[in-house]
Amino acid sequence: MIAEWIGKIGNFTLTLLIVTAYGLFMTAFIERIIAKVQGRIGIPYWQPVINILKNFFKRTAVSHGYMFYLGPVFRIAGGIGTLAFIPVIYGSETFSNFSMAGDLFLVIYFMFFGQLGMALGAGESGHPYSAIGIARGLSQMTAYEVPFALAVISIVIQYDTLSITEIVAAQQGGWENWTVFTNWVATLAAMLAFLGMTGYSPFDIFLAPQEIPIGPPTEFHSAYLSFMSLNRALFGATKLVLFMNLFFGGATGLLELMIKTWLIYMVAIVIGVSFPRFRVDQAIRFFFKIPTLIGIMSIVYAQMMLTS
Amino acid sequence: MIKSLSTEDTLENAGLTEEEQQLFCNARPKQYEPYPIKAVEDFANWARANSLWILAFGTGCGAIELRPLMTARFDANRFGVAGRPTPRQSSVFVIGGYASVKTLKRIIRSYEQMQGPKFVIALGICPVNGGMYFDSYNTINQFDMYLPVDLYITGCMPRPEVLVAGIVELQKKIKQGRCDGANRYIENFDWYKANQKKVIKNWDMPDYNW
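Protein chains in written order, with our numbering: chain A, 796 to 1103; chain B, 30 to 239.
Don't read these hints as lab results, they were simulated from the structure. All values derive from a computational prediction rather than experimental measurement. Backbone N, C-alpha and C fix where the C-beta goes; we use that ideal spot for every residue, glycine too. Hints may be right or wrong, so weigh each one.
As the list claims (entries may be wrong) - For each label pair, taking beta carbons as the anchor points, the in silico distance ranges come out as:
| # | chain 1 | residue 1 | chain 2 | residue 2 | range |
| --- | --- | --- | --- | --- | --- |
| 1 | A | P923 | B | K131 | 16 to 24 Å |
| 2 | B | A43 | A | F851 | 31 to 39 Å |
| 3 | B | V197 | A | P923 | 33 to 41 Å |
| 4 | B | D233 | A | I836 | 44 to 52 Å |
| 5 | B | L52 | A | T1047 | 57 to 65 Å |
| 6 | A | S858 | B | R102 | 47 to 55 Å |
| 7 | B | P65 | A | I948 | 52 to 60 Å |
| 8 | B | V197 | A | L957 | 54 to 62 Å |
Extracted from the complex, chain A is given alone in its bound form (with noise of 0.2 Å):
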């Protein structure tokens, strides 16, 4: 049992370097051709894992109590949280995780969790930018949950279980499988809200990276911070991966994951450099509007089209 459970949290880990590696890959690489696209020849390939360094290698830190050193804590736990649960790559051994029955809503739970810790954390700092992000970045996640939980319910109405595996299981056997084919409202209404998670144009007004106020992380540095950045690597790879699984078959390879995970990236990609920003009272008015009407018709379709 102990020995059974030593190899299983072994496994986790390379699971979780994995996925951090990549993501922090993946996020040079989508810099990359985003300043392709603006003419430029960008950040070399190893940049996030040098900022990182450099972060940690700062030699001062400012703590303002005891919730400010809690809050990049709570965010690396949801990032882990979440990633602990998500079967990585479907039929392996190694990279199932801790997969089990009813995973799927724990995920959802603790894609919340990190947000949450974050916005706590930021609280504590003072600052009143950092008050602005977090009110900015809470209200337009409540926004864009709902159409995700929608959609996530529609699914669930169609496979009847809430094991991620299961729901994987049931689209193996062909690319007309995927729930993309079979239930393309609830993608439709899923994709729309993965546009405000990645948190690129036109979602991207509670982060404005590069402009005055820089959002929740203001006061965050040193250490707080490579901690930071070293968790947004590892949740963004860690929610493709569960929209890879939902919604586009998952994956039985390394190759595919890879893939797979970067062609849903480039859907956020393609659409962020192409519109310009909307205001936030805008984007939750949006995510309101047609999102959340695509998710109720889903649910609607899932129940009258796909269980009769």
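Position chain B against the provided structure of chain A, taking the given hints into account.
Here is chain B on its own, set in the frame of chain A:
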């Protein structure tokens, strides 16, 4: 958060009212030794040199030379340079030309909030000897008297190419471990503070902005 320290470690914060003194930390900053193992310090310096985050704070006319760095023509991203809007996360402060006394106060506040090791690039001739503002009533002449400078780029104004060359030069200096401006500031803290207080008459901030 107020830290209780022995008297030689505390700063007076005489510029603040009694109520405000309760709100600010009064600890005296300390020097930081390099890592005991040389290979680790070299590796850390390599990481620091290849990830220079510039504080997005335009302090003079030279600030206009910082903007083109991110465009397709100069593309400073290649060297790991990025703009950072918050002093907490940035590591390079580019003094863009002349510094008026009013701006100097904000420069000091921002510089002290940056986390070490931090580097200062003085752009243009004005921080060296005052330049064309040498006899101005509200502009300081020699910037080195108020904050430690790691690299000077002279000219009026230097073009973005020179700034890119200066950044590459700064990277070389950091890799050799010769950029210890932050430690020099702490070492001669009282001298720098006396100079700063001589020109800034309305000193209404803590002696060190943690």
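Quick rundown of the hints versus the structure:
1. Judged by the Cβ atoms, the range 16 to 24 Å given for P923 of chain A and K131 of chain B holds: they are separated by roughly 22 Å.
2. Under the hint 31 to 39 Å, the C-beta atoms of A43 of chain B and F851 of chain A, about 37 Å apart, fit the expected range.
3. Distance hint for V197 of chain B and P923 of chain A: a CB-CB separation of about 37 Å, consistent with the stated range 33 to 41 Å.
4. A hinted range of 44 to 52 Å for the beta carbons of D233 of chain B and I836 of chain A is consistent with their spacing of about 46 Å.
5. Checked against the given bound of 57 to 65 Å, the beta carbons of L52 of chain B and T1047 of chain A, roughly 59 Å apart, stay inside it.
6. Distance hint check for S858 of chain A and R102 of chain B: the Cβ-Cβ separation is about 42 Å, which falls outside the suggested range of 47 to 55 Å.
7. A hinted range of 52 to 60 Å holds for the C-beta pair P65 of chain B and I948 of chain A, which are about 57 Å apart.
8. Taken as a hint, the range 54 to 62 Å holds for the pair V197 of chain B and L957 of chain A, whose Cβ atoms sit roughly 56 Å apart.
Hint 6 from the list above is the single one not met by this structure.
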